[in-house]
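Asks: Mind docking chain B on chain A? Use the hints.
For the record, the sequence lines run as chains A and B. Just so you know, we're using the working numbering here: the first sequence kicks off at 1 and counts up by one. Just so you know, we're using the working numbering here: the second sequence kicks off at 1 and counts up by one.
Please note that the accuracy of each hint is not assured.
Taking lysine-lysine pairs in the DSSO-like style, the calculated list, with each CA pair at most 30 Å apart, reads [stated by the list, open to error]:
id : chain 1 : residue 1 : chain 2 : residue 2
1  : B       : K608      : A       : K73
2  : A       : K358      : B       : K608
3  : B       : K394      : B       : K406
4  : B       : K51       : A       : K352
5  : A       : K73       : A       : K56
The hints are simulated quantities; they were obtained by calculation from the structure and are not laboratory data.
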Amino acid sequence: MKQWVRHFMASGELFIWGCGAGLSLSLLMIGGLLVLILMNGFGYFWPADLVELTLKDGKHVIGQLAGEEVSPKGIPRIRIKIGNRDLYGLDYRWIDTDQIVERATPADLVMVERREWGNFYGRLRTLTKEDQPVTEGAEAVWQSLPALIGQTKTSEGDSLYTVLVADANAREQSIGLSQVVRVLRPNDLSTWGKLWVYGGNVWMVLSTEPREANTEGGIFPAIFGTVMMVLIMSLVVTPFGVIGALYLREYARQGVIVRIVRIAVNNLAGVPSIVFGVFGLGFFVYGVGGTIDALWFSDRLPAPTFGTGGILWASLTLALLTVPVVIVATEEGLAAVPREYREGSIGLGATKWETIWKVVLPTALPAILTGLILAMARAAGEVAPLMLTGVVKLAPAMPIDWTWPFLHLDRKFMHLGFHIYDVGFQSPNVEAAKPMVYVTTLVLILVVVTLNLTGIVLRNRMRRKYAGSAV
Amino acid sequence: MNVPPLTPVSVFPEEPSPGQGQAATPTLVERLLTRRQIRLLTDRITHFIIKMGGISIMLCILGMCVFLVKEVIPLFLSPHATPIEPIQLSPLDRPAASTLVGIDEHQELAYVLRDHVLEFVFLGEGTAALSKVPSRGLLPDGTVTALARALGKGHSLALGTGDGRLIPVTIEFTQDFHDEARSIAPSVRVGTPIAAAPTPQPVTKLAYQSTDSEVRIAALLQDQHLWLTSTRTVSRPDGTTAASTVQIDLTPNVPGRVTALTLASRMELLAVGTEDGKVYHFDLRDTAKPLLAETTQASEQGNTITAMAYLMGDRSLVVGDAAGQVVVWMPVREHPGTNQTRMTAVHRFAPHQSAVTDITISQRDKGFITTDAEGGIRLHHSTSAQTLLTLSPKLGSLRSAYFSPKADGLVSVSENNHLLQFHIANPYPEITLATLFAPVMYEGYERPELVWQSSSGSDDFEAKFSLTPLIFGTIKGTFYAILLAVPLAVLAAIYTSMFMHPDYRAKIKPTIEIMAALPTVVLGFLAGLWFAPVLERNFPAMTGMVLVAPFAVAASAGLFLLLPASIRHRIRPGVEALLMMPVIIAVVWGCLATNAWWESFLFNGHYKPWLQTHLGLNYDQRNAIVVGIAMGFAIIPIIYSISEEALTNVPKNLIAGSLALGATRWQTLMYLVLISASPGIFSALMIGLGRAVGETMIVLMATGNTPIMDWSVLNGFRTLSANIAVEIPEAPHGGTLYRTLFLAGLLLFIATFLLNTVAELVRQRLRKKYSQF
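Extracted from the complex, chain A is given alone in its bound form:
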């Protein structure tokens, strides 16, 4: 046995297994993280059943199950989303399982999605029109509601109809129909019905504006702001990156200076993004923006137009941040263009520019695209520099609208990454906001990972294509 142990240690097999453990731990961490985000993110849209609990003290609780655990005292308990923030003040509640007498999922329970105060869970009672009862009884009200919700949205009157609802313990509450987004009976839905609602929820989050201090509703402005900013950034970073790379690879005399510059460009990619933010704030916002204001918008001073954060400055800052990515990738692409191509072109009498424009650049195009896509992915995920150069928690207007000049580069904008930070860490009701943060995270990760995968696949394909032919 002793000998075996000595042999085992000497062979180093143990350490090889240790190395393997390091890798598998890393992989498990990534996997776990993705699973966590996917589960929480996709779970948000599912219309879970409403459960009615009867407790030992005779009270009733209605809500959606949101997890279970063993409490620090060793008692198993469940977490339930009870909603009705206007009545209870809390969104979630822990209930010890030994307190529960009965669990039921009655079909008549409704979930009322409201513009304010979050969801209401309970039962329908009466529908009134200008204080006159129209219909009574849960079933009748349920039948007449869908048509009315559509109407109150279009009519200008403030809550023409009011619906009286009751919570688990028959406490009544009236809700103006103009406040209601949707009424659902999740327990009454078939799986297909739930899937339909699920799809609707996904679409709603992607296409509508946020409500309730960003903790509910959609994230459309944030998606739009992110895309807009990345697009403006790409418009700036592509020509600059390509020109920089062309200069370094094709025009500059290769020597010590170019080597130093190349190292500097590489290093710029490693400079913390917050430093770019500081630079953007000082140079673009206060420097360039302040000058523009003084020259052309002096009538509006001291209220700044360009002298404050805006989508243009944020995009430019990120362009500076990502230009090394494009330069490095383009250079790599230029270096990979087989020498025979150039020689052929020059030999046929083309000038240097014609060779570059018609032969070298088209060949290096995949590399340039890769660089651009990776730059876009990096830009989409950056938050710190944006916080200094123009991102806001709630933008009053989009950077594009129907008023002249249509594209408003001076406007502040919303961003998915900042949305995560803001909703998760700055909102007054973090517990209630968490699901929204997971959804935003999911969308952001999907955007970034898709961009990255495209970039990586493109790059690998290109490398394979030119492998061997590179000089």
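Replies: Just chain B, lined up with the frame of chain A:
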């Protein structure tokens, strides 16, 4: 090789090839230039454009550094004063017993009060005088014997007369705008006299403070009696007002001859300086019963105390004596934990050559100006303990001085009736290298400390701009991140490049690259909102995992080797990592399930009190472990990729040689591959460090952002980068805070640039070395 079809380029441009659709009618340009010339011209122009563009991009990168430096430099420029031509005032009939000078906030209109004569002097160049304000006597009988000014905003003065009365005087400046031109007009309000003492005596020294409802005066009379007078005006419901006055003789408390008096701006403190160098500190919070709180020997040589003033905030007292010494005293807690304080000489400044004649304080910060009997003027700053400016106009002893309300100018009057004026540019008085990096004695602290606290609710707050706690936080965060990331990433890289089955290797690399692309805001959010509470609940289990995992790995490796060879050989080599996955999952799950057991086994029941009593550690929910793991997560991919590249690039023939000579794959790794690749791994470490140093969102979200200096792994911290993100939205453009944050940015820039350069140089050298094989 498949060459893509080349775009046809015409070889003989003079003869247009039939394929190219040449316009039938040549354009204007084509008529002037041949096609060949156009082509050459285009080539020339694009050459120029690309060269210019390329150079300007490179300059841009350089410019970024220059710009940051440019924004920081003003912090360290020494202040300077611009003297304005002194104005000779007409002398009085007899030398003035007492003099006071002041100026409005735009430094345009100064007033000089010599005994009872008040004069206004227009100094503003662009501003027209509304009317010439003649000098005038404020009192008909003209026997003013002492003058005093209230500290703080506005110009509230008090006159002490020869017949023992005290007369409050308020001077106000009103601005007027006529057709864009600003004009300024003074107004003078003389209040009702108050008797300085029960029996009339000439007043020789005064200290004065007033608010809307309350006036407090300390008056020294000719018979050396010191009287404290407090008058409170109360509005009655019927609209009339009633004044209640309390007068107390403080003489019994002050044995020596009184030579200087000063009242704090909130009227709660009175300092009395004597001929033998003592200062008596009175606590006036109870109006009826002033309390002699403390007596200090302010001048060790026993020099006469000649001038005193409380700095903004009423905590620090500046004392000047006849030998020209200037010392700032402040109450310092005697023993930690008690409230007993003792006045202590904290900052000593370079002494004047002669007696200090007046001290005037800044209404903006902890700065003050002292004047002396030979006409010297000095500008000091209390926090930084620095004398910032020394001026010597040499126009005779300076009687009175006034630091302009915006702390950007000074007026003073000499015994020869010269009115001196200086414009002072001193925008960043509190910043020196010492206040940024070394411990500083702040008001209310027991010893010099390193503190970052840039703002507070009150105006008279002493800003604390020490970057050291933030640098400490940065290093701490980086350290814990590296501690987790380097072993994991390097082990994973070794395994992938050396031992892993090639089929899997091709799939692992992109996965890790995706991990590198995860936005850090996502990691920060998960760390702060998901992992921090999970860790808090399962801290004992997590500790258990760290203890159990190595044994579990070793045990499973041993068990695998004990398996019969027939089974072992059926498993393809290079899949150890996959086999480890269930083991790790089992360890994690097992420990989490037995959390309660671990808690009683390791921590005797409850881990928080245990840590508190046994190790003296406080558990913060968002602590360095959380940040270390989240930030480790962020830098694992980059360290992994670079180390993996370095390991894979070790020439294959060397490895083959080693294995052929009979070394095991572990020996080959240890004695050949690791040594050859160590510079590459080092460079990976450098780049990982660079990433961790500048990471913002993770630390912002996963720590409490408290700028404390404590190595404990269970505490939070604040880093330079998070500090910038937290504070810069509130920093006014061009202010001290703004520039200090730029300095923080510059430090980060330099640190990461250095780290990356080292890494890059090492890598290049390594590449050259490998290319020999």
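Asks: Could you run down the list of hints and mark each one as holding or not?
Replies: Results of checking the hints against the structure:
Straight-line distance between C-alpha atoms of B/K608 and A/K73 comes to about 15 Å, which keeps the hinted pair within the 30 Å bound. For the hint pairing A/K358 with B/K608, the CA-to-CA distance comes to about 69 Å; that exceeds 30 Å, so the pair is violated. Distance hint between B/K394 and B/K406 is fulfilled; the C-alpha atoms sit about 26 Å from each other, no more than 30 Å. Simply put, B/K51 and A/K352 have alpha-carbon atoms about 13 Å apart, close enough for the 30 Å limit, and the pair holds.
Simply put, A/K73 and A/K56 have alpha-carbon atoms about 20 Å apart, close enough for the 30 Å limit, and the pair holds.
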